[in-house]
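So you can see what is in the structure, the chains are spelled out below.
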Amino acid sequence: MRYRLRVNPITCEAHGMCAELLGEIIDLDPWGYPILGSDAVPPDLVGHAERAVVSCPTLALILDRSSHARARA
Amino acid sequence: MTLTTTTRNLPAAPRLPRLLAGVPRDRAAGLTEHLALHGRPPLGEPGDRDRPDRLVDRIERSGLTGRGGAGFPTGRKLRSVLDGRGTPVVVANGAEGEPGSAKDHLLLSRVPHLVLDGISLAACAVGADEAYLAVHRTDTAVLAVLGQALAERRQAGLDPVPIRLAGIPGRYVSSEQSAIVQYLNKGPAMPTFAPPRPHERGVHGRPTVVNNVETLCHLALIARHGDVWFRQAGTPGAPGTTLVTVSGAVGRPGVYEIEMGAPVGHVVTLAGGLVERAGAILVGGYFGTWIPADTAWFTPLTHADLRAIGGAMGAGIIIVLPESSCGLAETARVVRYLAEETAGQCGPCVRGLPELSNELVTLAYSGGRGRTLARVEQLVELVEGRGACKHPDGAANLVRSALKTFAQDVYWHDDDRPCTGLERPPLLPLPDDQARDWEFR
Ligand SMILES: Cc1cc2nc3c(=O)[nH]c(=O)nc-3n(C[C@H](O)[C@H](O)[C@H](O)COP(=O)(O)O)c2cc1C
Ligand code: SF4
Ligand code: SF4
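Chains V and W, in that order, are what the protein sequence lines are.
If you count by my numbering, then the first sequence holds residues 1 to 73, one letter each, in order.
If you count by my numbering, then the second sequence holds residues 74 to 514, one letter each, in order.
Treat the hints with care, as some may be off.
Said to hold, decoys possible - What follows is a set of in silico ranges between Cβ atoms, one per label pair, in the way DEER data are often shown: (1) W:G95 to V:L63: 53 to 59 Å; (2) V:G47 to W:D367: 53 to 59 Å; (3) W:T160 to V:H15: 37 to 43 Å; (4) W:L110 to V:L63: 32 to 38 Å; (5) V:L63 to W:G159: 25 to 31 Å; (6) V:P57 to W:P235: 43 to 49 Å; (7) V:V54 to W:P235: 35 to 41 Å; (8) V:E20 to W:D510: 38 to 44 Å.
Note that these hints are calculated values from the structure, not bench results.
Here the structure is a predicted model, which is why all the values come from computation and not from measurement.
Note that beta-carbon positions come from the ideal geometry of N, C-alpha and C, so glycine has one too.
Based on the provided sequences and hints, a complete structural model is requested.
Written as structure tokens, this is what we have:
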């Protein structure tokens with residue numbers, strides 16, 4: 001199983017909760033919006049990532065559990 | 074072997090123009106005129122409904138790619154909705170948002186039946202039962218032409234799948250495919266977060282294929298003449314012809330049909346040649362790339378060739394900047410326009426584009442005091458890839474190419490030295506504020 005982190009930039013309101021809970025992967029830009037260091041989540045951080053996902057007030061942080069890549073069009 | 078067969082086996086020289094064949098100067102071609110020139114679209118043969126994939130096969134073999142900007146293979150897009158779950162919907166994108174592009178407007182206003190043939194053929198090919206043609210709602214002239222053309226076709230019983238006209242907001246990002254889909258679903262004409270993409274869940278939740286109107290015109294001709302015919306023009310990797318809109322320091326600005334792979338210099342020559350010494354050429358519109366004129370001159374117009382030099386073909390826009398103009402000031406004005414055209418949804422786009430625009434305006438018009446350049450570079454990094462759509466990426470691409478191509482000017486401006494280019498009137502086209510549609514609903 002691979003875990004991939006994404007932010008929905010439309011719903012994200014720069015609460016910054018995610019960076020507090022998952023500082024290993026998430027930084028904040030000068031306006032307070034998250035910057036993901038990498039979108040792949042290493043196995044030992046999956047627990048933290050899940051906690052960050054449920055703590056985001058607007059549910060803008062998304063953790064995909066998938067093994068297949070999506071086709072782009 | 075007889076002489077005749079030998080001659081017949083020689084590759085035929087492609088006959089151009091294709092899309093612009095017989096295009097009237099100042100009015101729309103009527104249905105009779107259109108059918109006399111191109112013949113009836115091969116629609117509605119008995120059994121077509123059972124074998125909807127035949128045209129899709131052909132389009133795949135033709136190598137046709139989208140003419141709306143990204144150059145994605147059209148056959149693969151059609152296939153994805155044909156194979157999707159639910160009855161597909163076809164949407165034609167005629168809401169040309171690039172101020173430097175005039176080709177879609179030309180097709181819609183002069184050869185509306187070729188566009189409508191393409192929509193009908195695509196709809197039948199994927200087994201759609203709904204089709205839409207999206208154009209700017211403020212373009213009443215085009216809406217009238219299309220209304221009349223649709224009435225002519227109803228009488229002739231031409232469109233098995235009804236085509237509905239959709240007048241959409243004239244905002245730059247409203248022509249992005251997910252924005253059109255959201256508008257047709259009664260929402261604001263703003264891009265949506267993906268997935269789902271339109272081909273997965275689009276209009277009424279059904280698999281939806283959005284094609285540019287020029288793409289559909291090529292499709293209408295491939296349906297008549299075949300994929301082998303299509304490939305007689307262009308290069309093996311980038312087959313067919315394409316429309317380009319040329320403006321700036323050229324003798325005859327306008328829309329031209331060229332073979333894919335024609336070098337930029339050839340296209341400028343077609344458009345009457347240079348009327349002034351050229352400094353740089355903007356290829357691909359406002360999401361495109363500034364290229365030094367001497368490099369651009371020999372660069373073939375294909376997505377692959379332009380990508381190889383860090384550029385993009387976009388919707389085939391070519392704007393020639395005279396050497397005495399200020400490329401930085403031109404870029405600053407365009408970025409200010411792009412910042413105004415944000416859909417206002419994504420933080421980095423909403424906050425970043427106005428700041429980027431302000432810094433560029435400062436750099437171009439007041440001098441950078443030695444610190445603006447670094448700030449511009451930082452903002453480019455901060456906005457890129459961080460929106461729900463590619464709007465900020467397009468702006469980042471344009472600015473990055475400006476910093477590179479006008480590196481000498483950037484150095485002087487950042488060091489507060491005067492620039493004579495600022496004395497020239499602005500060149501890059503922008504819509505005038507009075508005529509602008511500011512709403513997304
Ligand atoms: C901000 C933005 C603006 C766009 N504007 C247009 C446009 O004006 N016309 C167009 O055909 N495609 C436009 N596109 C591309 C469409 O989303 C879509 O990819 C295209 O219509 C698909 O048609 P094609 O595959 O035939 O090129 C835009 C994309 C973005 C990100
Ligand atoms: S917690 Fe949610 S809203 Fe806040 S910055 Fe992170 S993703 Fe955005
Ligand atoms: S990136 Fe900008 S233009 Fe695109 S959806 Fe987000 S706010 Fe709108």
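Inset, instruction - Of all the hints given earlier, name the ones this structure violates by number, lowest first. - result: 4 and 7
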